[in-house]
Amino acid sequence: MSTRMTGAQAMVKCLELENIGVIFGYPGAAICPFYDSLYSSHIRHILTRNEQNAGHAASGYARVTGKPSVCVATSGPGATNLITAMATAYVDSIPLVVITGQVSSDLLGRDVFQEVDITGAAEPFTKYSYLVKDAKDLPRVFKEAFYIASTGRKGPVLIDVPVDIQRQEIEFFYPKQVDIRGYKPTYKGHIMQVKRVAQAIKNAKRPLLCIGGGVFAAGAQKAVRSFSEEFSIPVVSTLMGIGAMPTAHPLYFGMLGNNGKKYANQAVQESDLLIIMGARVGDRAVSRPALLEHTTSIIHIDIDPAEIGKNLGTTIPLVGDVGQVLEQLTQQNPQGEYTQWLAQLEEWRLQEQTKQKEELFPREETKFINPREFFNQLSFALEEDAVFVSDVGQNQMWSATSMVIKEGRFLTTGGMGTMGYALPAAIGAKLAAPDRQVIASCGDGAFQMSMMELATVNQHQIPIKLIVMNNHCLGMVREVQTVSYHDRQIAVDLAGGPQIEKIAKAYDIPFLRLEDARKMEGAIKEFIAADGSFLLECMVDPRETTVAEGEDVLGGRI
Amino acid sequence: MKQIMSVLVENKAGVLSRTAGLFARRGFNIESLAVGETEDVTISRMTIVVNGDERTIEQVEKQLNKQIDVIKVKTLEVDTATRRELLLIKIYAQQQNRGEIIDICSIMNAKIVDMSHTTLTIEMCDRPERVALMMEMLAPYGVAEVARTGMVALQKGSEAIAVKR
Chain C
3 MSTRMTGAQA
13 MVKCLELENI
23 GVIFGYPGAA
33 ICPFYDSLYS
43 SHIRHILTRN
53 EQNAGHAASG
63 YARVTGKPSV
73 CVATSGPGAT
83 NLITAMATAY
93 VDSIPLVVIT
103 GQVSSDLLGR
113 DVFQEVDITG
123 AAEPFTKYSY
133 LVKDAKDLPR
143 VFKEAFYIAS
153 TGRKGPVLID
163 VPVDIQRQEI
173 EFFYPKQVDI
183 RGYKPTYKGH
193 IMQVKRVAQA
203 IKNAKRPLLC
213 IGGGVFAAGA
223 QKAVRSFSEE
233 FSIPVVSTLM
243 GIGAMPTAHP
253 LYFGMLGNNG
263 KKYANQAVQE
273 SDLLIIMGAR
283 VGDRAVSRPA
293 LLEHTTSIIH
303 IDIDPAEIGK
313 NLGTTIPLVG
323 DVGQVLEQLT
333 QQNPQGEYTQ
343 WLAQLEEWRL
353 QEQTKQKEEL
363 FPREETKFIN
373 PREFFNQLSF
383 ALEEDAVFVS
393 DVGQNQMWSA
403 TSMVIKEGRF
413 LTTGGMGTMG
423 YALPAAIGAK
433 LAAPDRQVIA
443 SCGDGAFQMS
453 MMELATVNQH
463 QIPIKLIVMN
473 NHCLGMVREV
483 QTVSYHDRQI
493 AVDLAGGPQI
503 EKIAKAYDIP
513 FLRLEDARKM
523 EGAIKEFIAA
533 DGSFLLECMV
543 DPRETTVAEG
553 EDVLGGRI
Chain W
35 MKQIMSVLVE
45 NKAGVLSRTA
55 GLFARRGFNI
65 ESLAVGETED
75 VTISRMTIVV
85 NGDERTIEQV
95 EKQLNKQIDV
105 IKVKTLEVDT
115 ATRRELLLIK
125 IYAQQQNRGE
135 IIDICSIMNA
145 KIVDMSHTTL
155 TIEMCDRPER
165 VALMMEMLAP
175 YGVAEVARTG
185 MVALQKGSEA
195 IAVKR
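Going line by line, the protein sequences match chains C and W.
Residues in the first sequence are numbered from 3 upward in steps of one, following the numbering used here.
Residues in the second sequence are numbered from 35 upward in steps of one, following the numbering used here.
Honestly, the hints are just simulated from the structure, not real lab data.
Fair warning: there could be bad hints in the mix.
Each computed BS3-like pair below joins lysine-lysine, with the alpha-carbon atoms no more than 27 Å apart [stated by the list, open to error]:
| no. | chain 1 | residue 1 | chain 2 | residue 2 |
| --- | --- | --- | --- | --- |
| 1 | W | Lys-96 | C | Lys-197 |
| 2 | C | Lys-197 | W | Lys-100 |
| 3 | W | Lys-46 | C | Lys-145 |
| 4 | W | Lys-145 | C | Lys-186 |
| 5 | C | Lys-264 | C | Lys-359 |
| 6 | C | Lys-357 | C | Lys-264 |
The following block holds chain W by itself, in its conformation from the complex (with noise of 0.2 Å):
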């Protein structure tokens, strides 16, 4: 099973290693962890997509909780949640195939924010699974080196996680 979790968390120095050391000391499986800062400086929102039976999950969010910095916890379903994931990927790209990549690319909605000869970097911000689709039509092209930022949510609708002054 995998949960997606939006944790609201102090903004300061070892909160990241404290709650990153958490799920490696207890066994947990972090899928992607993405944090940043809120519209609240004193506040980040990491948002942490683990793998796991109910027990674990439940014992995720229990001890996540248990952090004397973590302010919030919240679990999102993926139907409830709007999902972003950035992904940035350079692969090898000669003047005879470049334009069935734009063709990829004009059809997945994504970029290309950078080229060189044998090159073209292609920026795309979807839904993880679409990233994953598009990372699998660009494979055949040979891939240079990709980054990922992981995934990002937030529920949909206008309900928020509150945070009391």
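Bound conformation, chain C alone (with noise of 0.2 Å):
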């Protein structure tokens, strides 16, 4: 089928063959030809505050989705605001196809008006980028997009395409078949690996899986569940890497890491066999590797070859999609005898948990809320499939560790710890799976950072619940600097406000104000059951800590 038309159409056509629903962005006149295409698509376009919050927004659409999302900004500003997407998406392996407008092909490289060279900039953030100089190539570019996005480590591919190109015209014809020669991912582990590997888990005494962010995007979070349950071993995550297994699964320790549970590190350190699977050993999960490399026989599982042995030494390694190498896995039948190391793990775990629900006791005062109570209790008011988006610092901390995650999902930037990343990645979230509960939560610091998001949601009429916590400071680098730093508190005072009510007035949302914590229980109920879009600030005093046993902040118990 080929059909004569220009460049733009031929970008919308791509995006319609690519099965692509929605898109986010922000216009300008180098994408103008593109949008007046769109204008006679089916194609939804969800028309963001901010570029990087398009960039976000695809971010929530595509790990909800687990297939590419897309996101279009301009050239010059518009490009530069989407680096911090790109690079969000990038470190956490999340698959965007993101596309730029560009000046005239012929004036690249005169510094015009907007001219950035964005390709260039977003080098690093990126698993490939296009700058497209004849509309010809812009249907096998698409495809290959779309292709690299979602293959093998996910990511963001760009695409940034000249005025004059989107108005070249060009005989339509899109590629069925994708042949990159330096590009074939590897999807199922070598099995002389797999054998050892088997034979490494048999003879463990005290085997440990930990998972990360890569089970979502292998989509093997059943995977996991059924192989540790079918041989018993025990598991712990990564803050990625939550939610693959339900938090109150027996099998299942905790997050590891800084801000992670004493228990789940105490079997990080223990175990004689740690199993990484799909988790780069990023310094806040593993934050002294050398270490852990002499206590323990190490097995990493990766479909990126470069993440094995980069951090962390590696007995056994084994490149390949984590469902595909579980289910060779499972047929090597890797039955060894744990009983004694899941007794001791599950001491440690009810030591340590008697001392949690101390801290989840409520405060007694009527001006503040306990937020890791607050965190817990909202958390068994969700469906079993909610959504939860958590943004960064102290609230990420809490949410992370007091949720009781079912058959939900915890989203959260892993890598970067990008702010304000909460609100429009729920947005996506919502538009992508529109029938699940999406709940988003940032501090008062990363609500400024894209507050702007909630007349998105108000326009759209996207019923998400979003949850403040407001302390009136920036809780973390506060909690840094008492900790680290003398307590010299400096540049994380936030009291200039805004008073959040006014500014969920102002964008026509409902609002609730939860500071007297006996009015908690009360409050989540109104906020879980409001139809629409709904904000609830909850009151935390600035002097919470997300670290409860007192140690560094930053440094590792690992």
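Build the complex: two chains, separate frames, hints provided.
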């Protein structure tokens, strides 16, 4: 099938052929031909209030569907505003196709109005990028971009299209297949390595699975659960892996790392075989990998060979898709005997949980709530498959460690820690899964980084629920200053407002403030029950910390 | 540890920047990088000499392989590879010391390719260590300027890095 059309029409056609129903963006002169072609398409365009948030919204959408999502911006500042979103998606391996307009190709390099070298600027944060210089290449480029974004280790792909290329007429032909000779991701594990891993599991006395975001990227949540259950192997997760195992699962022993559960870190330390799956051993999860190399054997399973051995020496490397590898491993039937180990882990957990229950006690005052108690209670009130989007900072650690997650998702920016992520990502998540509850939570700092998106929520009537944990300060930084900088607090006071109630009102969004801990249950009920969007402000004591045991915030324990 | 990497890449815009940028970003030390078209015009060969410990070299190789435009990466050993570097060097030479310089060139298998009343330009193509020795021998005469290509290398014997078409 071949038809004559402009480059811009071809771009839209490619998106239609890739079954893209929603895109997020912000127009401008250099992308106008594309927008004009979008006028006659059924693709829904969500206008965000900043390009960065279009990128984050696409990220939320992609994480819920597991497929690449699309965001669009114009040249120059539109494109540079997308950089943070691309970088965020890149580190967390989220598949995006990012489209930017560019100045006319004959003017490239002349520093004309709104010209930036975005493919150059985004080079470190994109899986791949294209600067299209002939409209005839557009169909192939789009086909490849979707393929590259969604295969192997997923990630953002940038397509920069000069405005004259969008106007150029071509014969449209969409390729059926992609053939990139330098790009052949490995999905199936090498059978020799699989056998070695199975043998190591059989021989181990204290094996431990450590799962990361790669489990979601592979859609292997169920596979992980059944593998863990069938062979009685306990599981801990990174921040990005939260929810792949139901958090109340008897074989799940929490999140590891600086802000993780003590018993999870104990498990890692005491294991004699650590099986890392779809996790890149980031410094917040394993802060001193060199020490770990000496105490335990390490199996690292990842689809990206470059992750294996990057931060942590590996005893047995295994390249492949987590889902496929688990299937291969199951066939090897790596049955071992770990009763004692599981009993030990359970004992550590019980010790810790008694302590944690104390942490969950309500505050005996009417001015502040206990954030841990709040997130814990909230999680019980949510539907089983609710999508919870966490921003960055103290609120992130409170929710990550206190929520009970069943079949739902816990979305956050693990790698970049990008403030302002939650609200736009929740918008994307809700559009991807209109039937699921979508809740975003942020602090008053991050709220002010993306609160303009309440307009997007209002304009498109996107029924997401937003929680602002308000302590009138940048809590996590303040906590670091308190613990590591002799309490010399600087540049963390957010006393200038705004009054969040007035902001909610300005965007016609129902609002409730929760400050009296005794009213928590009712507030959560009202929040959940609301039909449309809703903003719940929770007043939090600025002295509240994330580190319960009083250790150095940035110092690791592993 | 020094390692030679022979890298076949797509011959298109942006590949060199992406590859070189990778080294800078990940803090790898490049000693030299030489790039040119191969017998297939769609493919270029980069010969990269890297400095680093075993773990770094392994990461370099993996990061290179991860690049979409990188088709093949092969690490070459010093003793099983034919290695060459081209040197052009312009040195100050007067009538009275030209003879000595011609001697050095003949011993080192180098060619004089240009001259003026005050200078000689010498071309030499040899193993990098021989090139370094030549530079050392010529230094006392005074060097006006130098251009070196960086090392290129091919595996010895009949074996070749194959690209599936």
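Evaluation of the provided hints:
1. Distance check on the hinted pair: Lys-96 (chain W) and Lys-197 (chain C) sit about 23 Å apart at the alpha-carbon level, within 27 Å; holds.
2. A threshold of 27 Å between alpha carbons decides the hint, and for Lys-197 (chain C) with Lys-100 (chain W) the separation of about 26 Å falls inside it, so the pair holds.
3. For the suggested pair Lys-46 (chain W) and Lys-145 (chain C), the alpha carbons sit about 19 Å apart, so the restraint of at most 27 Å is met.
4. For the given pair, Lys-145 (chain W) sits about 46 Å from Lys-186 (chain C) by alpha-carbon distance, which is inconsistent with the 27 Å threshold.
5. Taking the CA atoms of Lys-264 (chain C) and Lys-359 (chain C), the gap is near 14 Å; set against the 27 Å cutoff, the hint holds.
6. Restraint check for Lys-357 (chain C) and Lys-264 (chain C): the C-alpha separation of about 11 Å stays at or below 27 Å, so the hint holds.
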